[in-house]
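J.: Put together the whole structure using the sequences plus the hints.
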Amino acid sequence: MVGLVLVSHSALLAEGVQQVVAQMVQGRVPVALAGGAAHAEEPIGTDPVRVLAAIEAVYSDDGVLILMDLGSAIMSAEAAMELLAPEQQAHIYLCEAP
Amino acid sequence: MTITKTQVVQWLEKCAAVVAANKAYLTELDSPIGDADHGTNIARGFAAVVAKASTVADNDIGQLCKVTGMTLMSAVGGASGLLYGNFFLRAAVVANGKTELSAEELLHLLEAGQEGIVQRGRAVVGDKTMIDAWTPALAALRTAITAGQSLPTAVAACVAAAETGMKSTIPLQARKGRASYLGERSIGHQDPGATSTHLILNALLETVDGG
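Note that the protein sequences, when read in sequence, are chains Z and U.
According to our numbering, the first sequence is numbered sequentially starting from 1.
According to our numbering, the second sequence is numbered sequentially starting from 1.
Calculated from the structure, these hints are not laboratory results.
The beta carbon of each residue, even a glycine, is placed where N, CA and C say it ideally should be.
Treat the hints with care, as some may be off.
Only some residues are given here: those of chain U computed to face chain Z with a beta carbon under 7 Å [to be verified]:
| no. | residue |
| --- | --- |
| 1 | 74 |
| 2 | 82 |
| 3 | 177 |
T.: Below, the structure written as structure tokens:
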């Protein structure tokens, strides 16, 4: 099953999107979140380490689809992909929607 | 003249000091055309780098750059962390196994780093980004080093070109990043990323000047 990774500058936003997604997939699709950055004083941001962890949590050779909110979310996702093995990278898709 | 590993650590410490000292200014630049966090983010990033640098004190310059890059990618949280982070990851490849750098090797390191910024952010000159500072700065550095100028003289030319590049961002309309959403409203403001680039290169000048 294709896994879904939601990358957002905001952890809350990622959770909110997950809630909407959950209604549609009803547990059939593994979803992992990479929302927000790990800094107490500035939680808004993205972190490629979190994205990597999210990818690994839902990875299968069926692939992983990554949804992102703004610019640096895309850069974080690309940076995370580069940390994967080449054969895994081939199964990761960065999705321009929505 | 060579750059030693100790001097690279000094450069990173000076980077941390100068971005911390200019935190409010960088954030202020990032307010009208961004998300008002560049100064705070980059200061946090370089502070984390300095804290980590001591753990790799015994390793080569390549290892130091790699740790710097990985730390910036996570500790900054914004685009600049990913851009500067990839700068140092690419620089790490050039400096792998080295404990000192000749002027030419330093040039290659910085040029590899710039390629890392371009690879990650895909900006070109004129987009109103840090690349508007990096590109002329490293062109000036290459010219000076090729002409056989001393490293301090060459880096001074590099910094001067970075300053000119930084100021050149003021009349530009942003084509990248959060500022690009503002369209024409981004005109008239100096790009914060180009500004922090100038500060970082000036810190390098202070390091090679023996300061």
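J.: Work down the list of hints and note, for each, if the structure agrees.
T.: Now for the hints, and whether the structure bears them out:
Using the Cβ-Cβ criterion of 7 Å, the hint placing residue 74 (chain U) at the interface with chain Z is satisfied: the shortest such distance is roughly 5 Å. The interface hint given for residue 82 (chain U) is met, as the beta carbon of that residue sits about 4 Å from the closest beta carbon of chain Z, less than 7 Å. For the restraint placing residue 177 (chain U) at the interface with chain Z, the shortest Cβ-Cβ distance is roughly 6 Å, inside the 7 Å limit, so the hint holds.
Going down the numbered hints, you'll see the structure goes against none, and every one checks out.
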